[in-house]
Amino acid sequence: MKYVEHINKVIRERIAGHSNLVLFGQNISAGSCISGLTKDLSVKGNSRIINSTNSENSLCGLGFGLMMGGASAVFFMKQLDFLTLGIDHLVNTYNIIRNMPEYYPGSFTIMPVIMDHGYQGAQSSFNNFSDICSMARVPGFAVTNKTDAEKIISAHMVSPGFRIIGVSQRLFNEELIVPDKCVFASEGGELFQYSDGQGATIICFNFSYPYGYALLRELGNNGIRASLFNVNALTPIDWEPVKQNVIKTKRIILIDDSKSQNLSAYALLADLYNIKLDKKIVITRKISDNWLNPVSDEMRIDNEKIIRELKNK
Amino acid sequence: MMVNEEHKAEKFKVPVHLALGHEAIAVAVDRIMDQNDSLVLSHRNIAYNLARLGKLKPVMDEYFLKPGGLAGGRLGSMNLSNPSKGIIYSSSILGNNFSVASGLALGKQIVSSGGLTIVLGGDGSIEEGSFYESLLILRSLNLSCFVVIEDNDWSLATQVKERRSKIDLFSCSGSLGIKYAHLEGNDPIGYIEELSRLKRISLEDKAPVCIEVKVSTLGDWTGPKSTEHPDGKFINYHAGPSPSASLSAWPILKENKEDPIFVLKKYFKESELKDFAKAELNKLRSEIYHEICRAYK
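Chains A and W supply the protein sequences, listed in that same order. Okay, so the first sequence: first residue is 1 according to my numbering, each after it adds one. Okay, so the second sequence: first residue is 314 according to my numbering, each after it adds one.
Just so you know, the hints here were simulated from the structure itself, not pulled from any lab data. You may find that some hints are simply not true.
Pair by pair, the computed Cβ-Cβ distance ranges are [said to hold, decoys possible]:
1) S124/A <-> S488/W: 29 to 35 Å
2) K492/W <-> N99/A: 54 to 60 Å
3) M135/A <-> G385/W: 42 to 48 Å
Stretches of chain W that chain A covers, calculated by requiring three or more beta carbons in the stretch to come under 8 Å of a beta carbon on chain A [claimed, not checked]:
4) 391-402
5) 484-498
If we take Cβ atoms under 7 Å as the criterion, some of the chain W residues that face chain A in the derived model are [to be verified]:
6) L407
7) N409
8) S412
9) V413
10) S447
These figures come from a predicted structure and were not determined experimentally. The beta-carbon is built from N, C-alpha and C at its ideal position, and this holds for glycine as well.
Only chain A is shown next, with the shape it has when bound in the complex:
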């Protein structure tokens, strides 16, 4: 099953039978239905599916208004960069709602597609999901595999309150990653641990989980059993499970594929400052990387080099 097919399935299951629901966005029930993300959605009773206008700013306000009125709203957004048009509502309207939650009982979820598959050119390649969530400390969740998709969408979509749930265009037509096991998952789906080993601690941010998953397997093939974490929520979280693991392995590999200058990975590094490390590998994008031309948006990670570094204690 493809990544997008699974997410579509989980969404359909989540909204089934839910009342007072408005699903909206551009072409969500027409054409490709956002490349299959919103295919075959159905609602009951007064609930509605709306192929909306192209008015991202006001559609964010529409969602908050629905929430204020007690309805549940989900805004499916074709591209994360469109959400920059709605930042006013994230940094202003949302503050009123969370300041007076007793008056606003509804639900609002924005589900943007993070355009991280490349070949878009100078525009439409904004993948800094953490920046969008960070500027107003908005709850935000990145969906990267079967386990986190089920946990996050089931827990948050159409639940009371507001959040952003991001999905990756780069992964849409990739085979769904099905982690072998889930060692640990925080209650709200902010942090997941998929492997527990002594050889190193891999921590993935933004939408870099597939890179970490591939590295984990390469390390295993080379006799290094590593721990693998994925940081799904991009607002402050409890790092304790990661810290305890790093104390054990003393070797960390951070992977963050966001194009931001201010990376969530740095927040973790700051928190680990008093832990003595034998090895620290930080894999991020460089400003010299070519992301202004229509090229692939894949991060190039030299797994063999990482293996050599870990073996050369």
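Model the placement of chain W on the given structure of chain A, informed by the hints.
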């Protein structure tokens, strides 16, 4: 005017936007609202909050950020709402509230509560793109909503003619198939009748109505002297107190229709109005200063 006096004395930490002269439309909106109707306001919300509540002290206490204020001191002035009276949201961001109102209007259809959504903006807010976007959404989704635009001709220290070309709201609304109405003259009785008629249309047709209301924000101040304005520029006050407005037993600021009190002469003798005003002032003074008086006893 009592708020203005406190404002002049620099007693507020929060920025209070007065609305002397906006009372007729605020009173009319209040009178046509039913239990299921919702009101969405802007930063200049004082007249509507007072009209809906019918009391000054909780609003004043909110401006002083007291726990006993209308919102427990959590909202201050520009975001002051009162959900128990149908004021669901007030935004300090120009144009931000139109789309929120469209969501509230859609929500009334979804949760089957019915009712009209009324959103307030000013002549500055219609310069924002969200105004057009929201009109489009309201019309496309067939939502019952009043979009009330108070045109007081000023945005901070500039008049409309100083900052932009004219926006013809009649044509703008018409281009989207939205009914337009124009109100002026500050006659609260006439406003109530017209808004009641438009409300029936909006609810029956499931359609938004754009209502442009001519208002004069009364009071003023003179800006600093400059080469261009050697005597200082006359500015219709917007974000601060009005030095030219003074509390008196007869709270009229202009002897013409720009002042809603003047318009009331159509219905009452001047002596009656003066008696009403005096009685009201005494009542409010007693209400507001009761705590202070008690403290000094």
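Each hint tested on the structure:
no.: 1; hint: S124/A <-> S488/W: 29 to 35 Å; in the structure: holds (30 Å)
no.: 2; hint: K492/W <-> N99/A: 54 to 60 Å; in the structure: violated (35 Å)
no.: 3; hint: M135/A <-> G385/W: 42 to 48 Å; in the structure: violated (27 Å)
no.: 4; hint: 391-402; in the structure: holds (count 5)
no.: 5; hint: 484-498; in the structure: violated (count 0)
no.: 6; hint: L407; in the structure: violated (10 Å)
no.: 7; hint: N409; in the structure: holds (6 Å)
no.: 8; hint: S412; in the structure: holds (3 Å)
no.: 9; hint: V413; in the structure: holds (4 Å)
no.: 10; hint: S447; in the structure: holds (5 Å)
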